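S.K.: For the protein sequence lines, the chains are W and D, in the order given. For the first sequence, this note's numbering begins at 1 and goes up steadily by one. For the second sequence, this note's numbering begins at 1 and goes up steadily by one.
Some hints could be false.
[To be verified] Okay, the calculated beta carbon distance ranges per label pair:
1. 110/D / 20/W: 38 to 48 Å
2. 28/D / 82/W: 35 to 45 Å
3. 82/W / 54/D: 24 to 34 Å
4. 41/D / 12/W: 11 to 21 Å
5. 43/D / 77/W: 20 to 30 Å
In short, the hints are calculated from the structure, not lab data. No experiment lies behind these values; they were computed from the predicted model shown. Yeah, the Cβ is synthetic: ideal placement off N, Cα and C, and Gly gets one too.
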Amino acid sequence: DVKVTQSSRYLVKRTGEKVFLECVQDMDHENMFWYRQDPGLGLRLIYFSYDVKMKEKGDIPEGYSVSREKKERFSLILESASTNQTSMYLCASSLPASGDTGELFFGEGSRLTVL
Amino acid sequence: AQSVSQHNHHVILSEAASLELGCNYSYGGTVNLFWYVQYPGQHLQLLLKYFSGDPLVKGIKGFEAEFIKSKFSFNLRKPSVQWSDTAEYFCAVIAFYKLSFGAGTTVTVRA
Chain W
1 DVKVTQSSRY LVKRTGEKVF LECVQDMDHE NMFWYRQDPG LGLRLIYFSY
51 DVKMKEKGDI PEGYSVSREK KERFSLILES ASTNQTSMYL CASSLPASGD
101 TGELFFGEGS RLTVL
Chain D
1 AQSVSQHNHH VILSEAASLE LGCNYSYGGT VNLFWYVQYP GQHLQLLLKY
51 FSGDPLVKGI KGFEAEFIKS KFSFNLRKPS VQWSDTAEYF CAVIAFYKLS
101 FGAGTTVTVR A
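Make a model of the complete structure from these sequences and hints.
M.R.: Below, the structure is given as structure tokens:
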């Protein structure tokens, strides 16, 4: 089974702090994604990466950055956390296959609260 | 930009009732379509998917979905729900690496 592991299930941070969310997948997937999940808004794509050191902006990249130094690891960085970044963050991975046909496998999520 | 619309925010029904959740997307090209489910306290998991071929797709736990290209729709159905089907359901469309999700529908099944 594919396993996508997010390092922290729950975090509480203060406004202005730098926040790192880590995600590791064990199935050698090329594609990795970061979403945030908010009630009534569904999942919104923040960033994705289709290869090591490659990254692409999703629909809501403002206030976030990412890092993909190794194939299995995809990190989401909040340079200066703000209260409107309080959310559930979901990491996912997929095979490239034909690129856009891949099923996504999700981690269990990281619930971030910014005070 | 593609978008995905789910018609119902919250659906409440009794066990053994039939369920249909609507999903429409706006992307005009070739799409791959998914329904994901998130049970309380669990991670998102795939319910079913459509890539090509028979537009009626069967998934896990008795769910099925029908792709109607002319209506840009991919509605999810289950003839008889169970209490364990209580969950949040997300429709999703993928094109060019990006998977776009609908806002989700919370389904509450009363025993």
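S.K.: Next step is simple, just say for each hint if it's right about the structure.
M.R.: Now the hints, each set against the structure:
Residue 110/D and residue 20/W have their C-beta atoms about 42 Å apart, which keeps the hinted 38 to 48 Å range intact. For the pair residue 28/D and residue 82/W, the beta carbons lie near 36 Å from each other, so the given range of 35 to 45 Å is met. The hinted window of 24 to 34 Å between residue 82/W and residue 54/D is violated, with their beta carbons roughly 47 Å apart. For residue 41/D paired with residue 12/W, a C-beta distance near 19 Å keeps the hint of 11 to 21 Å intact.
Separated by about 22 Å at the C-beta atoms, residue 43/D and residue 77/W satisfy the suggested range of 20 to 30 Å.
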